[in-house]
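Protein chains: 2
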Amino acid sequence: TTTITNDAALKTKVDEMLSTIKWDKSGLVVAIAQHIDTGAVLMQGFANSDAILATIASGKATFFSRSRSSLWTKGETSSNFINVKDVFLDCDRDSIIYLGLPDGPTCHTGATTCYFTRAPNAIDDTQDTTASFPLTTLFALEETIHNRKSQLMDGSVSKPSWTHKLMKDHELLCSKIREEADELCRTLESNEGKDRTASEMADVLYHSMVLLAVQDVKLEDVLEILRKRFTQSGIEEKSSRK
Amino acid sequence: TTTITNDAALKTKVDEMLSTIKWDKSGLVVAIAQHIDTGAVLMQGFANSDAILATIASGKATFFSRSRSSLWTKGETSSNFINVKDVFLDCDRDSIIYLGLPDGPTCHTGATTCYFTRAPNAIDDTQDTTASFPLTTLFALEETIHNRKSQLMDGSVSKPSWTHKLMKDHELLCSKIREEADELCRTLESNEGKDRTASEMADVLYHSMVLLAVQDVKLEDVLEILRKRFTQSGIEEKSSRK
Ligand SMILES: [Zn+2]
Ligand SMILES: [Zn+2]
Ligand SMILES: [Zn+2]
Ligand SMILES: [Zn+2]
Ligand SMILES: [Zn+2]
Ligand SMILES: [Zn+2]
Ligand SMILES: [Zn+2]
Ligand SMILES: [Zn+2]
Ligand SMILES: [Zn+2]
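Heads up: the sequence lines are chains B and Y, in that order.
Each residue of the first sequence is one higher than the last, beginning at -16 in the numbering used here.
Each residue of the second sequence is one higher than the last, beginning at -16 in the numbering used here.
In short, the hints are calculated from the structure, not lab data.
If you're wondering where the values come from, they're calculated on a predicted model, not measured in any experiment.
No false leads were mixed into what you were given.
Copies of the same chain are indistinguishable here, so a pair counts whether it falls within one copy or spans any two.
Straight-line alpha carbon distances no greater than 30 angstroms define the calculated DSBU-like cross-link-like pairs of lysine-lysine that follow:
#1 K151 with K177
#2 K211 with K43
#3 K148 with K211
#4 K142 with K68
#5 K211 with K142
#6 K68 with K201
#7 K132 with K68
#8 K68 with K177
#9 K211 with K151
#10 K43 with K(-4)
#11 K201 with K211
#12 K177 with K201
#13 K8 with K(-6)
#14 K177 with K132
#15 K132 with K151
#16 K43 with K(-6)
#17 K5 with K43
Modelling step: build the complete structure from the supplied sequences, incorporating the hints.
Pasting the structure below:
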């Protein structure tokens, strides 16, 4: 892989970028590591100029530890590196995002991300979603479907929901998936308008995700396949494997 | 909506939570606002105890401005509030996530998020993906498909890609969507294994997203529908509209 030290043009561009950063009194910016497939915020640390240089050069998320006053690369002890594909700066240049792919759980506790503590809120806690992670919509839906599956396994379902019914009856599930794909196509063929298209796409996604859950396939694995097929960092990965 | 001042039990729980936070020397933690549907990191600021209390009480992302030494609610001047559904703390309790839904663009520049500056990197810049935002896989794919559509509109396509062909031939596109849905179902019906399931789901997603692009429907709109149908914050929204 290209490193900064042997790529003078890149070094110049990176130095230019670093000179525009608005460091705080300690010479740091906030550095947020985000999962390139799921969008999950993995962890947050701080970075100085050397940490950002090291991250771009090595492709491993590197931070500055305020308590130890030294650089540290996430994964240097656990081997759970965060492989950074891209770095972004915010509008006033005092905050950066490391967008990357973690080798394993990010948190030292073994949790996928460090943000596993949900603050109390005004929402009724007896609801179905008890996720302690900040799950975005698709992953919250995946979690809900997963919970339905656990209820079926437990035998704790008294009044089966639609998701329960689909999970128990694969013929029904598959006929729904084919039907919803057909309905999605008809929105184009019969020019049914954007609202119906979005709604039918939601139907396709939900029913397909039930099928994924039935087969224990994670959405994250599907996203990984899409990234490898289509995106720049996927192409890069393929060529680096040659 | 329930406010903290008239809900003593919630106030107690929130106070307990606040007492566990590891404030920095200035009494602050890093506060990251994240889009509940797309997972995009919208902005990053700092929060003191009052800012977190105000966020939980009002449901609007509130920060402490270090330059003005005062609380500010994102959107108080622009009306582009971030409607916070949930707050999460990290493992060592010095960083929080406001998970919410923005009313409009988050950045004062009018950009969707504040992170619109891509740092130089070792990846060949002549590639197709020139997104300046930290797009995660599905949104990077949406962007790639969108670029293909723009190329078709420009008439700048000399060697049409598969995506171009699907976009020009709606009969082909719809027959592929129906075929891929069928192939996804067969992975369950014929027990073809998890790898094939993930791969066929990727096919379904990609081809469906081409149809969305043809009809100018954004994935974000589909996710909003799913959230309103399935998740807790969707359920909450529905009941608050009664
Ligand atoms: Zn900033
Ligand atoms: Zn952690
Ligand atoms: Zn239907
Ligand atoms: Zn439908
Ligand atoms: Zn922390
Ligand atoms: Zn901004
Ligand atoms: Zn047409
Ligand atoms: Zn096929
Ligand atoms: Zn296929």
